[in-house]
Amino acid sequence: MKCTENWLKEYVTTELDAAGIAARLTMLGLEVDTVEPLYPGLAEVVVGKLLAVEPHPNADRLSICQVDDGGDTPRRVVCGAPNVRAGMFSPLARPGVVLPGNFKIKASKIRGEKSEGMLCADRELGLDDGRGESGGIMDLDPAEFPGLAPGAALSAVMGLNDTMIEVDLTPNRPDCAGVIGLAREVAGVTGQPLRPPVPELPADWTAAAQPLPFKVEVEAADCQRYAARLLRGVRIGPSPWWLRQRLLAVGLRPINNVVDVTNYVMLEYGQPLHAFDYDRLAGGLIRVRRAADDEQLTTLDGVQRQLTGEMLVIADADRPVALAGIIGGADSEVGPASVNILLESACFAAKSVRQTAAALKLTTDSSYRFERGVDPEAAPKALARAVELIVATAGGEAVPGGIDYREGVVEPPVLTLRLPRINELLGTELELGAVQKLLAGIDISGEPVGGDTLRVQPPSFRVDLEREIDLIEEVARLVGYEQIPTTMPRVAMAPPAGAEEAAGIKALFTAQGCYEAINYSFINPATADWLNWPTADQRRHFLPLLNPLSEEQSVLRTSLLPGLLENARHNINHQCGDLRLFEWGRVYQPAEAGASPRETERLAAVFSGRRFPAAPQLWEGEAEVDIYDIKGLLEELLAYLQRPGLELIPAAEVPPGMVPGQGLMLTREGEKMGEAGKIQATVLKAFGIKQQVFYLDLDMESLLALPAARHSFRPLPRYPAVKWDLAMLVAEETPAGEMLAAITEAGGKLLEWAEIFDVYRGKNIEPGKKSVAFAIHYRDAERTLNEEQVAVVHQKIIDLLASRFHGQLREA
Amino acid sequence: MICHGEGCRVCKQSGWLEILGAGLIDPEVFAKVGYDPEEYSGFAFGLGVERIAMLRYGINDIRLFYENDLRFLAQF
Numbered sequence: 001m002k003c004t005e006n007w008l009k010e011y012v013t014t015e016l017d018a019a020g021i022a023a024r025l026t027m028l029g030l031e032v033d034t035v036e037p038l039y040p041g042l043a044e045v046v047v048g049k050l051l052a053v054e055p056h057p058n059a060d061r062l063s064i065c066q067v068d069d070g071g072d073t074p075r076r077v078v079c080g081a082p083n084v085r086a087g088m089f090s091p092l093a094r095p096g097v098v099l100p101g102n103f104k105i106k107a108s109k110i111r112g113e114k115s116e117g118m119l120c121a122d123r124e125l126g127l128d129d130g131r132g133e134s135g136g137i138m139d140l141d142p143a144e145f146p147g148l149a150p151g152a153a154l155s156a157v158m159g160l161n162d163t164m165i166e167v168d169l170t171p172n173r174p175d176c177a178g179v180i181g182l183a184r185e186v187a188g189v190t191g192q193p194l195r196p197p198v199p200e201l202p203a204d205w206t207a208a209a210q211p212l213p214f215k216v217e218v219e220a221a222d223c224q225r226y227a228a229r230l231l232r233g234v235r236i237g238p239s240p241w242w243l244r245q246r247l248l249a250v251g252l253r254p255i256n257n258v259v260d261v262t263n264y265v266m267l268e269y270g271q272p273l274h275a276f277d278y279d280r281l282a283g284g285l286i287r288v289r290r291a292a293d294d295e296q297l298t299t300l301d302g303v304q305r306q307l308t309g310e311m312l313v314i315a316d317a318d319r320p321v322a323l324a325g326i327i328g329g330a331d332s333e334v335g336p337a338s339v340n341i342l343l344e345s346a347c348f349a350a351k352s353v354r355q356t357a358a359a360l361k362l363t364t365d366s367s368y369r370f371e372r373g374v375d376p377e378a379a380p381k382a383l384a385r386a387v388e389l390i391v392a393t394a395g396g397e398a399v400p401g402g403i404d405y406r407e408g409v410v411e412p413p414v415l416t417l418r419l420p421r422i423n424e425l426l427g428t429e430l431e432l433g434a435v436q437k438l439l440a441g442i443d444i445s446g447e448p449v450g451g452d453t454l455r456v457q458p459p460s461f462r463v464d465l466e467r468e469i470d471l472i473e474e475v476a477r478l479v480g481y482e483q484i485p486t487t488m489p490r491v492a493m494a495p496p497a498g499a500e501e502a503a504g505i506k507a508l509f510t511a512q513g514c515y516e517a518i519n520y521s522f523i524n525p526a527t528a529d530w531l532n533w534p535t536a537d538q539r540r541h542f543l544p545l546l547n548p549l550s551e552e553q554s555v556l557r558t559s560l561l562p563g564l565l566e567n568a569r570h571n572i573n574h575q576c577g578d579l580r581l582f583e584w585g586r587v588y589q590p591a592e593a594g595a596s597p598r599e600t601e602r603l604a605a606v607f608s609g610r611r612f613p614a615a616p617q618l619w620e621g622e623a624e625v626d627i628y629d630i631k632g633l634l635e636e637l638l639a640y641l642q643r644p645g646l647e648l649i650p651a652a653e654v655p656p657g658m659v660p661g662q663g664l665m666l667t668r669e670g671e672k673m674g675e676a677g678k679i680q681a682t683v684l685k686a687f688g689i690k691q692q693v694f695y696l697d698l699d700m701e702s703l704l705a706l707p708a709a710r711h712s713f714r715p716l717p718r719y720p721a722v723k724w725d726l727a728m729l730v731a732e733e734t735p736a737g738e739m740l741a742a743i744t745e746a747g748g749k750l751l752e753w754a755e756i757f758d759v760y761r762g763k764n765i766e767p768g769k770k771s772v773a774f775a776i777h778y779r780d781a782e783r784t785l786n787e788e789q790v791a792v793v794h795q796k797i798i799d800l801l802a803s804r805f806h807g808q809l810r811e812a
Numbered sequence: 813m814i815c816h817g818e819g820c821r822v823c824k825q826s827g828w829l830e831i832l833g834a835g836l837i838d839p840e841v842f843a844k845v846g847y848d849p850e851e852y853s854g855f856a857f858g859l860g861v862e863r864i865a866m867l868r869y870g871i872n873d874i875r876l877f878y879e880n881d882l883r884f885l886a887q888f
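Chains A and B supply the protein sequences, listed in that same order.
Quick note on the numbering used here: the first sequence kicks off at 1 and runs consecutively.
Quick note on the numbering used here: the second sequence kicks off at 813 and runs consecutively.
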């Protein structure tokens with residue numbers, strides 16, 4: 001909704017300027033989008049009076065004008081306009097003036113004749129209606145502009161000092177789709193009275209001495225009100241400047257005096273009006289009815305529209321002549337030849353207009369208002385105002401009497417507004433009288449009942465006030481949200497359970513060189529194929545979105561890997577191929593019918609590129625990450641988690657899309673809680689990645705639900721430990737982890753701990769074999785161990801390794 | 813913070829960025845989920861962490877938060 005500062009100030013007196021008004025409106029919940037000075041760059045343009053006009057000696061189409069600009073001597077101006085004549089007033093831009101479009105006026109010689117300025121056309125000043133060529137320079141009519149005098153500032157004469165204010169209306173405030181409505185808000189918040197125009201409207205205005213020459217028949221309940229009057233003998237022509245100016249300022253194109261008045265009154269009252277050419281209405285009849293399915297109507301925009309039985313139309317005796325509340329028909333349009341005008345001011349149901357406008361994909365200034373809800377009581381007032389303005393600008397006279405059908409008008413409900421409820425919800429300490437006064441400021445009258453209640457009859461223009469809470473909102477707005485005291489909430493709040501541990505895990509990942517990624521939960525379902533998930537894979541059961549933005553974001557993720565692999569591709573494509581990314585987030589899967597979908601938390605990571613990108617160790621060089629980097633991260637995590645019973649074992653089965661022999665599984669008592677490994681090249685290719693990627697993917701929900709280890713103190717050892725080394729030659733495929741387990745098994749209670757310290761292949765080792773070296777720490781809690789005691793256990797270990805793994809002791 | 817109120821792509825040329833929508837909860841919301849609105853009232857608020865971060869660090873494109881570009885992540 002656009003209006004201008006001057007326009008608003010016709011209805012309310014305020015010291016506020018446009019910016020001040022905008023600030024107040026915004027704080028009232030009527031957000032102002034734009035405050036824009038109109039007609040910039042015209043401050044220096046003055047009125048010139050053409051004293052004499054003579055032909056240019058060297059050019060047929062040019063004239064030399066003597067122009068009085070209020071100075072001592074007339075100014076010589078060469079002008080090419082065909083309409084120059086002595087005695088006319090026209091805008092004059094003197095040398096030094098910069099016109100819109102950065103057009104600088106200079107004194108010059110034109111075809112040998114001196115010219116000291118420019119007489120301007122409306123287009124050159126930005127004062128045209130955008131319809132192209134006008135007849136020449138502006139011909140200012142002294143009858144229209146009383147202040148016209150040589151040298152007078154043009155903007156003062158034409159009233160150009162104005163500012164456009166655009167309000168972004170919320171759908172619940174149709175009353176502010178008219179300048180009077182906005183002025184009412186300003187009046188309410190500044191404590192000034194509202195001065196709407198008061199057109200002459202006697203109580204018996206519909207009464208007529210003779211039968212009216214037209215009839216109105218309303219046949220549909222969606223027409224709540226229909227007021228109409230007939231004007232005879234109007235002279236169609238351009239509107240006066242003040243009217244065109246207002247329309248242009250808010251972005252409407254002037255058409256002719258009658259149409260412009262209907263638009264002007266719509267902008268003023270928020271009440272859409274329509275003018276029919278009465279002589280085009282068959283039978284002098286207006287019927288408000290549903291269209292028939294086979295009917296068509298060519299609307300004012302020249303489009304022929306197919307109507308349907310749901311659409312409400314205005315028809316004459318024969319055919320539809322307008323789409324009710326949306327747009328008129330071309331046949332009955334008011335044009336240059338129109339003489340008799342039937343003016344409609346009606347109220348149509350919001351829903352009906354909304355549906356028809358949507359069905360025809362047609363939004364107009366009229367439908368914009370009706371869709372939101374028009375004041376059913378505005379119709380006769382707006383009609384009277386329009387009649388007054390048409391008679392003033394287009395002449396003619398109104399036929400006495402008129403129609404005012406109002407059987408569809410529903411009285412607004414009477415509301416009860418309780419003071420304690422206001423103060424409780426708003427945190428205010430208002431008194432009843434203050435509330436009553438605030439509401440009265442915007443024409444909402446309340447009558448005290450008992451000590452702390454108002455009986456409120458919302459005004460007809462506030463179709464949005466339906467409940468007590470709506471009135472409480474009004475009170476909040478009028479008090480000013482910024483005036484409501486600030487108090488800190490008293491709420492017991494604590495971080496959610498597990499937040500601390502989660503933060504610790506994220507910190508651990510970050511410390512290991514990872515960056516945290518956050519991806520949308522919406523993914524492309526095709527990623528299931530890219531990841532090579534088999535048909536039976538649970539992760540293929542996506543929850544689809546009802547209104548996805550695109551196919552790429554059409555389902556909820558069941559795994560974090562698609563997002564992380566997309567991130568990997570993005571980074572690799574942007575020359576950041578050394579990456580360690582992790583994401584902790586929810587995945588979603590449908591549950592049985594009737595139940596909410598299951599959401600579980602997972603933690604996944606992808607590693608790719610060089611191991612030490614920033615500062616390669618001398619001995620590492622350009623080495624790339626491998627499965628041991630992921631495994632190392634997992635081991636760090638397990639050490640941090642301290643959940644007993646978790647085992648990291650080689651994956652018995654290769655997960656889909658992953659490389660065999662490089663998979664790890666995190667289990668507890670046979671239950672899988674996560675996996676890690678290397679992603680297959682075919683999967684990576686589907687994601688557009690051309691380098692190796694390793695991953696881990698953990699079920700954090702299950703992991704964190706496990707009981708944490710309980711630590712109890714063990715006395716410090718009093719006797720020394722003995723460390724013996726052991727190297728076994730075994731087949732290449734023998735898992736070292738299993739050997740370590742066998743050592744622990746055979747070592748008994750003397751074995752304190754054991755570790756692998758070397759794996760060697762190459763010189764002196766036959767092909768297909770490897771040497772695995774262990775350091776074994778022995779200790780007895782009761783005594784110092786001697787060599788013989790250790791040797792017995794050590795031999796047991798060697799024997800077990802030899803028999804179980806066909807190992808061969810490597811002698812030192 | 814980003815355009816200093818001049819108007820830019822982030823604020824849709826308005827000079828303003830909404831970062832914390834808040835308001836009284838409509839009593840009908842309570843009624844709908846079985847709470848007596850005469851007994852319960854509520855204040856709802858929510859802040860978009862991205863927008864706060866945009867203001868704090870002068871980030872001019874909200875999509876950066878979801879691209880997970882290392883050149884972005886490594887700045888914080």
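Errors might be hidden in some of the hints.
Stated by the list, open to error - Here are the simulated lysine to any residue pairs, SDA-like style, with alpha carbons at most 25 Å apart:
{"#": "1", "chain 1": "A", "residue 1": "506", "chain 2": "A", "residue 2": "705"}
{"#": "2", "chain 1": "A", "residue 1": "749", "chain 2": "A", "residue 2": "705"}
{"#": "3", "chain 1": "B", "residue 1": "844", "chain 2": "A", "residue 2": "685"}
{"#": "4", "chain 1": "A", "residue 1": "437", "chain 2": "B", "residue 2": "836"}
{"#": "5", "chain 1": "B", "residue 1": "824", "chain 2": "A", "residue 2": "363"}
{"#": "6", "chain 1": "A", "residue 1": "690", "chain 2": "B", "residue 2": "879"}
{"#": "7", "chain 1": "B", "residue 1": "844", "chain 2": "A", "residue 2": "423"}
{"#": "8", "chain 1": "B", "residue 1": "824", "chain 2": "A", "residue 2": "27"}
{"#": "9", "chain 1": "A", "residue 1": "109", "chain 2": "A", "residue 2": "68"}
{"#": "10", "chain 1": "A", "residue 1": "685", "chain 2": "B", "residue 2": "881"}
{"#": "11", "chain 1": "A", "residue 1": "2", "chain 2": "A", "residue 2": "596"}
{"#": "12", "chain 1": "B", "residue 1": "824", "chain 2": "A", "residue 2": "685"}
{"#": "13", "chain 1": "A", "residue 1": "690", "chain 2": "B", "residue 2": "869"}
{"#": "14", "chain 1": "A", "residue 1": "685", "chain 2": "B", "residue 2": "864"}
{"#": "15", "chain 1": "B", "residue 1": "844", "chain 2": "A", "residue 2": "597"}
{"#": "16", "chain 1": "A", "residue 1": "506", "chain 2": "B", "residue 2": "884"}
{"#": "17", "chain 1": "B", "residue 1": "844", "chain 2": "A", "residue 2": "147"}
{"#": "18", "chain 1": "A", "residue 1": "506", "chain 2": "B", "residue 2": "841"}
{"#": "19", "chain 1": "A", "residue 1": "690", "chain 2": "B", "residue 2": "883"}
{"#": "20", "chain 1": "A", "residue 1": "9", "chain 2": "A", "residue 2": "161"}
{"#": "21", "chain 1": "B", "residue 1": "824", "chain 2": "A", "residue 2": "414"}
{"#": "22", "chain 1": "A", "residue 1": "690", "chain 2": "B", "residue 2": "884"}
{"#": "23", "chain 1": "A", "residue 1": "690", "chain 2": "B", "residue 2": "864"}
{"#": "24", "chain 1": "A", "residue 1": "506", "chain 2": "B", "residue 2": "836"}
{"#": "25", "chain 1": "A", "residue 1": "506", "chain 2": "B", "residue 2": "860"}
{"#": "26", "chain 1": "A", "residue 1": "506", "chain 2": "B", "residue 2": "819"}
{"#": "27", "chain 1": "B", "residue 1": "844", "chain 2": "A", "residue 2": "31"}
To be verified - Okay, the calculated beta carbon distance ranges per label pair:
{"#": "28", "chain 1": "B", "residue 1": "819", "chain 2": "A", "residue 2": "597", "range": "13 to 23 Å"}
{"#": "29", "chain 1": "B", "residue 1": "827", "chain 2": "A", "residue 2": "516", "range": "28 to 38 Å"}
{"#": "30", "chain 1": "B", "residue 1": "875", "chain 2": "A", "residue 2": "149", "range": "58 to 68 Å"}
{"#": "31", "chain 1": "B", "residue 1": "820", "chain 2": "A", "residue 2": "253", "range": "46 to 56 Å"}
{"#": "32", "chain 1": "A", "residue 1": "802", "chain 2": "B", "residue 2": "888", "range": "52 to 62 Å"}
{"#": "33", "chain 1": "B", "residue 1": "888", "chain 2": "A", "residue 2": "358", "range": "16 to 26 Å"}
{"#": "34", "chain 1": "A", "residue 1": "27", "chain 2": "B", "residue 2": "823", "range": "38 to 48 Å"}
{"#": "35", "chain 1": "B", "residue 1": "888", "chain 2": "A", "residue 2": "499", "range": "32 to 42 Å"}
{"#": "36", "chain 1": "A", "residue 1": "529", "chain 2": "B", "residue 2": "874", "range": "44 to 54 Å"}
{"#": "37", "chain 1": "B", "residue 1": "827", "chain 2": "A", "residue 2": "427", "range": "27 to 37 Å"}
{"#": "38", "chain 1": "A", "residue 1": "208", "chain 2": "B", "residue 2": "819", "range": "32 to 42 Å"}
{"#": "39", "chain 1": "A", "residue 1": "319", "chain 2": "B", "residue 2": "823", "range": "44 to 54 Å"}
{"#": "40", "chain 1": "B", "residue 1": "824", "chain 2": "A", "residue 2": "427", "range": "44 to 54 Å"}
Calculated directly from the structure, the hints in this document are not laboratory data.
None of these values were measured; they are calculated from a predicted model.
For each residue, glycine too, the CB sits at the ideal point set by N, CA and C.
* Asked: Checked against the structure, which of the hints given earlier come out wrong?
  -> Going through the list in order, the structure violates hints 2, 3, 11, 12, 13, 14, 17, 18, 21, 23, 24, 26, 27, 28, 31, 33, 34, 35, 36, 38 and 40 and respects the others.
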